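There are 2 protein chains.
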Amino acid sequence: MPEYKAPIRDMKFVMQELLNCDRHYQKLGYEDASLDMVDAIIAEAAKFTEQVVAPINQSGDEQGCTWHDGEVTTPDGFKEAYQQYVEGGWPTLAQNVDFGGQGLPHSLNTAITEFFSCANHSFAMYPGLSHGALATIEAHGSDTHKNIFMPKLVEGSWTGTMCLTEPHCGTDLGMLRTKAEINDDGSYSLTGTKIFISAGEHDLSDNIVHIVIARIPGSPEGSRGISLFIVPKFNVTDAGEVGDRNAVSCGSIEHKMGINANATCVINFDGAKGYLIGEVNRGLNCMFTFMNAARLGVATEGVAAAEASFQGALAYAKDRLQMRSLSGVKNPEGPADAIIVHPDVRRMLLTQKSIAEGGRALIAYLSQLVDVSHAPIGKVDEAEKASAESKLALLTPVAKAFLTELGLECTSHGVQVFGGHGYIKEWGMEQLMRDTKISCLYEGTTGIQALDLLARKILGSKGEILKPFGAEVTAFCVENAGNEAMQEFIQPIMTFGSDWQKMTETLGMKAMQNPDEIGGASVDYLMYSGYLTLAYFWAKMAKVAQEKLAAGGDDSAFYQAKIKTARFYFQRILPRANGHASCVENGCDSMMALDVDDFSF
Amino acid sequence: MPEYKAPIRDMKFVMQELLNCDRHYQKLGYEDASLDMVDAIIAEAAKFTEQVVAPINQSGDEQGCTWHDGEVTTPDGFKEAYQQYVEGGWPTLAQNVDFGGQGLPHSLNTAITEFFSCANHSFAMYPGLSHGALATIEAHGSDTHKNIFMPKLVEGSWTGTMCLTEPHCGTDLGMLRTKAEINDDGSYSLTGTKIFISAGEHDLSDNIVHIVIARIPGSPEGSRGISLFIVPKFNVTDAGEVGDRNAVSCGSIEHKMGINANATCVINFDGAKGYLIGEVNRGLNCMFTFMNAARLGVATEGVAAAEASFQGALAYAKDRLQMRSLSGVKNPEGPADAIIVHPDVRRMLLTQKSIAEGGRALIAYLSQLVDVSHAPIGKVDEAEKASAESKLALLTPVAKAFLTELGLECTSHGVQVFGGHGYIKEWGMEQLMRDTKISCLYEGTTGIQALDLLARKILGSKGEILKPFGAEVTAFCVENAGNEAMQEFIQPIMTFGSDWQKMTETLGMKAMQNPDEIGGASVDYLMYSGYLTLAYFWAKMAKVAQEKLAAGGDDSAFYQAKIKTARFYFQRILPRANGHASCVENGCDSMMALDVDDFSF
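Here the protein sequences line up with chains A and E, keeping their order. Heads up: the first sequence begins at 413 in this note's numbering, then just goes up one per residue. Heads up: the second sequence begins at 413 in this note's numbering, then just goes up one per residue.
Hints in this document: simulated from the structure, not taken from any laboratory. Quick caveat: nothing in here was measured; it's all calculated off a predicted structure. Possibly wrong hints are sitting among the right ones.
Note: identical chains are not told apart, hence a pair may lie in one copy or across any two.
Claimed, not checked - 30 angstroms max Cα-Cα, derived BS3-like pairs, lysine-lysine:
hint, residue 1, residue 2
1, Lys879, Lys914
2, Lys791, Lys730
3, Lys591, Lys459
4, Lys558, Lys459
5, Lys837, Lys491
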């Protein structure tokens, strides 16, 4: 297993040098989030993930979770690591101070989330799901619910889940069958079966708080008849402590391609007591609050996968001696050169590096927008908030789908760099590939993200949603129009950007004639958008690096490497967008022409 | 697990209608390979793989091979299935009649190999490795060796392996350490450790015949000092039967991402008795005979993976109801439409279908070239033979790398079509992805194939190697220049083909200045070549389908689907080559610029 080292230097570059988190936090009133504090938290998170979380990643995969008679046992070391996680106060970091949180910014929490995901995807999902449950209760629960459930969830002694999927419906939640019948005391009895419930049952916490969507009898059909409920595994006493067992049980756990150390559960509700949150029949809208945050969390997993695989592949590529460089012997004393001399090995490593670092910048940027979108008016004005929300809405599906697809590609490169050894479990490279494939599926598949982007967001807003981010990118290009050294980055952004605009307009026209053009173009369109978006962040990073170099200092190798990696991205990754553009251009006719019965003979 | 149905109709289309196997076999003197015989063998192979081989695929993955005290036990059912395989005479199909073979054409065996790989990748590898050992002994062994080893290998009661890799060398075989010391009787004693030996030890056969590369003390350093040996697990008595145990043992088996039912062994040679085949120090050249055949076998695995995943995804896409079509309700009686109505699901299915069918055509074409390359002068003339060998040399690395990379992509689409269910082992879709990743690694990684194509084959021949295949493609375009209905296929081939030529010339020039330009371009160049090559076969298939439709008959839906799939390939797959071309064009500077120490800080 590659030894995990948290990318502290790069995280600081992104947060502090690229995105001025200091100024950002001061403006939003996060007085505790000083640069020193940010540094200290990042350093501690690095230590914890390197020393406690990473070492149980491979063993967790091998051992997996086990189910016995409704109870799930996590792999060796998970319980202890989770305990340390709670004792270290990690769950409380960005939570509301009124419920025991530290009130630090969301974006700071996002930064360390990458470390956790990178060190151990399965482990990171347990607290990850709690955040979703917490955010939902905080946004839509009554004061009573908040007082009962939030302190324990914030503390981490209880964990949460999101129970959406049923055997016959995942994407199409309107088809759900779980029913919620009202009791005399105003609570509800929930009956039904949910599947794919990550962290649905385990031995890490004293209670599990399920956020469940269900239908109240008599509600409208489809997605307009979905309500949202809190259903705890153990009922809660008046004193707020764990009481008797609720009628919620774990029927089984799934055997999966990866994330074996995270329990993916079938959860049965047999008249379980639940509490309505939000308004009746408005459950799906309440879920959207959570879903956007969850999607950014999954996008972070894509970055984490690229980073983890890069670390493993880089160490191996420096160490493994095989063949001589085509341009002359580089290691005359050895029997062969280290494989990092070979251009194709470098192509794979730099693909991983440019996706990990570019993705890290995109995630950090988006997490600052989340800070802004959560900030009270006064700290930010209406226009700033609206702009942040618009950018978030646009870029969340791009980040989720693009970064997870590229994350998967990067883990595949990681296996390739190791050659046959990459296929052997011992090295840990194949686990990364297996683990990260889930990120292309859950919280909405790549296809669903692409429809969200193109149909719901862009065409649904008649392109309005593109404006704030488009204006930001244009302003950057204009600002740097006279900067000779930036032209290798600015010019492609302008060209690809203008093609993006034309592509979008053309698609809008075609979609009016034939709505299937949207679905036919969506994934290629999203990938194009992803390559272009990351190009913008690479250009911004190159700019900062140029300024730092111009200012002098002793970190020039780091900044030089940044500029060189930016160059690689523009020359060897961004051009892929051309292939996607050609596919979009060719429309959907060829994919709709076949009759269902004619796919196979 | 998706139920496997061998694609009989499509295999017949490719072999008979596209490639006129009847005429081909008659010309080469395969009198037994009549159309009726071909049909019968394909039908029997379909039955056997569907009923015997496919049913132990998923259970084989779950159970895996087990190692105990040097002995490997294959999963339940493998021994029985292998026995039936032997009893059915399957190993003998294309083998030399002098040693008990049926003497049928290689290309016929290749066709059914796809069925075996598709039904069960792990199972298919056991006989697959025997073919390699057999081919090597037949080509380079003495008559004595042939008489001792071939009959049992042909029969299948013994199996074979290829022992190349050692812990410190895979690609760079010149570094090998296994030594072979001559004995008084002219045999050799082999000492060393080989790793990644597929089918190196198992319980399916009475003996295992290892083909081993080793160094005779005093031989030149590097790849010029490698000799080739036959080393049986059990020594062979004068009567040609299994005798006492040789000093060959299986030290352990690997725990892998996939192909769990095939034993990947560490094989220790502790002064094991072996027999030199071929000339001293010419072992690597002898291996090349085998390696090209093995690479085509692996390319077939890519096609098989695409086909298997397509079958699973198609069945699910027709069955799973989720959401309504964007262009209006298609299943008004149901709660939702089948997901096959959604354009993006079709994009994934058609990607799988076009790669499986296009790849099948390419493999069938290449396997006919193998027939020609094996044919005696008289049946074919020198020029035909040289042309076939040139095309094979050119297209083998393309088929191996391109079809396995696309095969992997197709299995990933298969998982996506299933959504979250694709990640669950029960459905079998994730196994396909895990199993097929090995095909991008063994018998030379994608990167190695790309170097073989661009450096060794194309630039090494100063482009000569491109001529025979280039002339064939050009002739096809010229032939169809006046065919209006073919222009949607012919025009892109001419455009992409002419760009290919320019790209190759430019690369040749750049490589003279800087050899790293070869490695920097190689994989993108290979992928471009792959997309274009498959376009040619899709155009040829479209042509045949047009002719069949024009001739009338009752199979018009099949031919219409062929043309529509060709159209999809040209509109939605081929354009990806544009992205690769842009990457090639941008050269290798950006990937060579970083110092080794500056990849990470």
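We went through each hint and held it up to the structure:
When the C-alpha separation of Lys879 and Lys914 is checked against a cutoff of 30 angstroms, the pair qualifies only within one copy, where the shortest distance is 14 angstroms, while the shortest distance between copies is 40 angstroms. For the homomeric pair Lys791 and Lys730, neither the shortest alpha-carbon distance inside one copy (49 angstroms) nor that between copies (53 angstroms) is at most 30 angstroms. In this homomeric assembly, Lys591 and Lys459 never come within 30 angstroms of each other (Cα to Cα): the closest approach is 45 angstroms inside a single copy and 47 angstroms across copies. In this assembly of identical chains, the alpha carbons of Lys558 and Lys459 never lie at most 30 angstroms apart, being 32 angstroms within a copy and 62 angstroms across copies at closest.
For the identical chains of this complex, Lys837 and Lys491 are neighbours both inside a copy (24 angstroms) and across copies (26 angstroms), given an alpha-carbon limit of 30 angstroms.
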